[in-house]
Amino acid sequence: MTQLALVIDLNVCVGCQACVTSCKEWNTSGDAGPLVDMNPYGADPTGTFFNRVQTFEVGEFPNTETVHFPKSCLHCEEPPCVPVCPTGASYKRKEDGIVLVDYDKCIGCKYCSWACPYGVREVDAQRRVMTKCTLCVDRIYDQNLPEWDRKPACVRACPTNARLYGDIHDPNSVVSQAIRENGGYQLMPEWGTKPANHYLPRRKTRITVREDELERADNPLKIDSKLPKPGRDEPSLDDVTSW
Amino acid sequence: MHPAFSVLFLTTLIGAGQGLFLALFSVEVYSEIGLVPAPGSDFFAIGSLLSLALLGLGLFASFFHLGRPERAWRTATKWRTSWLSREVIVLPAFMGMVFLYGLAHWLQFNPPLGVLPGDNFLLLTVVLGIVGTLLAFALFVSTAMIYAAVKFLQEWHSPLTVVNYTLLGAASGFTLATALAAWAGTGLVPFLAGWAIILTLLGLITRVASLIRNAHIEPKSTLQTAIGVKHPVIQQKSQGFMGGSFNTREFFHHRSPGFMRATKWIFLISAFAIPVLLLALAMAMTVDPTNVLIAAFAIQYLGLLAERWFFFAQANHPQNLYYQSVS
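Protein chains in written order, with the numbering used here: chain B, 1 to 243; chain L, 1 to 327.
Next up, chain B with everything else stripped away, as it sits in the complex (with noise of 0.2 Å):
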């Protein structure tokens, strides 16, 4: 079974909202009509936005550190969205795992919207039907896009290529091996939804450099102390005159 579903490495992102914008450019040009925009310069804007991009301070000052947190349908394996909805508007796809609304089934009823913990869904206020994000569902298949090109909007629009696509379900995929390698994690296990898409955590680079990795401390030549020993910032020739 193929589970396709986006990693996102809060260890890179930068907040930059390029996959925000990119996800609505997409997703507004498409077959399905366009992602309502009201009152866009006006004093109380909204709009429909199937991704979005979150800041967070973790830590009290001045100990403290900035999380960027892009936040899209996570694509559940146990979607509590799906059985709620009365018309089977709301639903996941077989082949991919992908979930989505029929939006000429929706009736705008918003009971889906309720069943999902994480706030990914949004009724649009023009087309008064629930919307979501596709995983771009009408790109990542579309033959007429050269195939490095078939990939969500927003992974393609990430710089800082915080944004990985792939199969969670398959032990080789991109997806799976950062998952594994680098401690990918799902929002909100507690409800048991079992999210597709996952979370690499922020993580700090540290080397350990011990002291005798500084000196050579099986230098025979030291052990005997056969040549004068130069200072540390002096320049040497060869490993003869070196620490």
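Since the hints were derived computationally from the structure, they do not count as laboratory data.
This one's a predicted model, so the numbers in the text were calculated from it and none came from an experiment.
Yeah, the Cβ is synthetic: ideal placement off N, Cα and C, and Gly gets one too.
Treat the hints with care, as some may be off.
Said to hold, decoys possible - As a list, the in silico DSS-like pairs of lysine-lysine whose alpha-carbon atoms are at most 27 Å apart:
no. : chain 1 : residue 1 : chain 2 : residue 2
1   : L       : Lys151    : B       : Lys94
2   : B       : Lys194    : L       : Lys151
3   : L       : Lys151    : B       : Lys204
4   : B       : Lys92     : L       : Lys220
5   : B       : Lys105    : L       : Lys230
6   : L       : Lys220    : B       : Lys194
7   : L       : Lys151    : B       : Lys92
8   : B       : Lys194    : L       : Lys264
Said to hold, decoys possible - Not the full set, but computed from the structure, chain L residues with beta-carbon under 10 Å of chain B:
no. : residue
9   : Leu66
10  : Lys220
11  : Gly228
12  : Val233
13  : Thr248
To be verified - Not the full set, but computed from the structure, chain L residues with beta-carbon under 10 Å of chain B:
no. : residue
14  : Lys78
15  : Val88
16  : Tyr147
17  : Ser221
18  : Met242
Mind docking chain L on chain B? Use the hints.
Relative to the frame of chain B, chain L by itself:
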């Protein structure tokens, strides 16, 4: 959650309609076995019509909750998994049964369908009433389970939700039936008012129980699990946009804590205390208590609207963890 008036009217109106039907059928059963004086068949016909009107108004209100009401017929398809779909099926079925029940009484078309032990006839209206009663309870369960089944809303995810919807709907329906009985001049006021008081007091007990339960809920999700960072101090600095969105509108009531507290006391007094006093007063009155009972129902209904508003507003959705700071 944001309390939408369409849903407030839907749940309170059909609750009263179901309760009224249950009251009518209780009267029929009690009068069949001779425990209360039998009212004329007009009483049942008018009562059924009133119940149908309430159910119809509720159904009408529910359409305002939908973005695409013209597709509402599709909601009947996923009854295997969705309580909303089940409600959509049970509500018209129940309305049909109330219609048939009222029609049978109005036409006085009541042939015996069988013989019960003790030489009692099994009448058509009794059979319709039993089916209607089962559907009324199925509708109470379906409506309440729409809310109780959403495990993310911990304030709703409790059997108390189902008990409250049932008892509060039944209580308001019995109060209305008492007013109807007084208006029709039947001798049923003490019987119906007594049951209305009992149901209202039972509803008060279970509603207060759910208030106590909800006051002690520990949220299952925290900001730590929401973004997966294990640090006790996390603050949101930006939710990703400056304006509003569906997420900031649908999941919060946008009222002050003082307004919430006031609403709680208003519904406790208006849905429970005043109706019980007025019903007791009506039982003790020697003159015609119709106006007092109509007032009791009106005040109880307004109180239940406030109760439903509070029910929605009190539920705290975990998605709100992601929308706490604008800039």
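Tested hints:
| no. | hint | result |
| --- | --- | --- |
| 1 | L:Lys151 with B:Lys94 | holds, 25 Å |
| 2 | B:Lys194 with L:Lys151 | holds, 15 Å |
| 3 | L:Lys151 with B:Lys204 | violated, 37 Å |
| 4 | B:Lys92 with L:Lys220 | holds, 26 Å |
| 5 | B:Lys105 with L:Lys230 | violated, 41 Å |
| 6 | L:Lys220 with B:Lys194 | holds, 16 Å |
| 7 | L:Lys151 with B:Lys92 | holds, 20 Å |
| 8 | B:Lys194 with L:Lys264 | violated, 37 Å |
| 9 | Leu66 | holds, 5 Å |
| 10 | Lys220 | holds, 5 Å |
| 11 | Gly228 | holds, 5 Å |
| 12 | Val233 | holds, 5 Å |
| 13 | Thr248 | holds, 9 Å |
| 14 | Lys78 | holds, 5 Å |
| 15 | Val88 | holds, 6 Å |
| 16 | Tyr147 | holds, 9 Å |
| 17 | Ser221 | holds, 5 Å |
| 18 | Met242 | holds, 8 Å |
The structure is inconsistent with the numbered hints 3, 5, 8, although it conforms to all the rest.
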